[in-house]
Amino acid sequence: MPRKTKANPLVSGRAEPYLYLLPTIVLFVFILAVPLFNLFKYSLGDSNIIQGFKEWNSFENFKYLGSPKFLSSVWVTVIYVFFGVLGVVLCGTIVSLALDKPIPGRGAFRAVAIIPWVVPQAFAASMWSWVVNAQFGFINQLLRSLGLIQDNLSFLSENTALATVIIVRIWQGTPFVIISLLAALQTIPEDIQEAADLDGVTAWQRFRFITLPFIKPVLTTTTLIVTAWTMQIFDTVYIMTAGGPARSTQLVALEIYAKAFQQDDLGTACAIALCVLGVIALLSMENLKKGRGDGR
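Heads up: the sequence shown at position 110 corresponds to 110 in the UniProt record's numbering, and the numbers run straight through without jumps.
Honestly, I wouldn't trust all of these hints.
The list that follows gives simulated cross-link-like pairs (lysine-lysine, DSSO-like), each with its CA atoms no further than 27 Å apart [said to hold, decoys possible]:
| no. | residue 1 | residue 2 |
| --- | --- | --- |
| 1 | Lys41 | Lys63 |
| 2 | Lys41 | Lys69 |
| 3 | Lys69 | Lys54 |
| 4 | Lys101 | Lys216 |
| 5 | Lys54 | Lys41 |
| 6 | Lys289 | Lys216 |
To be clear, the hints were calculated from the coordinates, so they are not data collected in a lab.
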């Protein structure tokens with residue numbers, strides 16, 4: 001009679017899935033732990049790019065977080081993120097609802113709609129810098145040819161630069177919302193749509209009572225993701241304005257770059273980065289909570 005082999009408790013029951021994931025978890029922790037450790041270490045002392053950590057400075061780096069310069073960059077970032085995310089979500093929702101209808105050329109429109117998302121940000125920033133250029137930009141030439149203006153407009157001046165980079169962010173981020181919501185719209189049952197047609201509901205009633213409840217989980221998650229991404233935008237704004245004019249587009253991400261690479265103050269840059277990391281972590285936790293709640 002064959003002997004029965006006793007199941008190994010390490011690879012059975014609830015522990016089994018985690019054992020299979022252990023190599024990936026160890027690799028992920030190692031890759032994440034070392035940069036995080038250095039981030040904390042450099043933020044607590046005098047540090048620079050060449051020498052790294054030099055000496056402890058009693059949380060001196062964190063005092064910069066209360067300075068008028070940093071607070072102004074926080075305010076610029078808040079405006080950029082708020083209106084950027086709002087524009088991305090609104091435009092993405094409107095376009096996705098339009099592309100969900102059986103209109104001629106819908107497939108071509110869908111293909112064109114994702115182009116801004118797949119274009120590299122550095123290339124997009126260079127393209128938009130040419131489009132809005134005050135001397136030879138496409139927009140100024142178009143407006144002058146239509147007789148709408150006589151003198152060229154400056155879209156990257158102190159009063160207009162922030163609005164311009166927000167518009168570019170909306171242009172770049174909208175395709176992600178379109179793709180996400182188009183997928184969510186496919187989950188609405190046809191029988192509910194047909195019942196709504198028979199009841200003669202208005203477009204607003206259809207959106208409020210049928211469409212929105214079905215796409216709300218995806219819309220919420222997408223909004224949180226877009227918010228986290230927008231907070232980390234650097235290259236587009238840096239190429240277009242480098243934070244100017246007069247710090248009117250100096251985002252927190254650009255402040256980190258300036259401290260680390262232009263002012264050779266890696267410690268303060270890491271202190272700022274820790275704050276940004278904390279906010280993004282909170283958004284990620286909220287996203288995870290939302291996902292668990294929707295999965296129940």
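Structure-based check of all given hints:
This hinted pair checks out: Lys41 and Lys63 have alpha carbons roughly 16 Å apart, not beyond 27 Å. A C-alpha spacing of about 24 Å is found between Lys41 and Lys69, which places the hinted pair at or below 27 Å, so the restraint holds. Distance restraint check for Lys69 and Lys54: the Cα-Cα separation of roughly 25 Å lies within the 27 Å cut-off, and the hinted pair is therefore satisfied. For the suggested pair Lys101 and Lys216, the alpha carbons sit about 19 Å apart, so the restraint of at most 27 Å is met.
A distance of roughly 10 Å separates the Cα atoms of Lys54 and Lys41; the hinted pair therefore holds under the 27 Å criterion. Of the pairs offered as hints, the one joining Lys289 and Lys216 holds, with about 15 Å between alpha carbons and a cut-off of 27 Å not exceeded.
Figure legend: structure checked against the earlier numbered hints; every hint is met.
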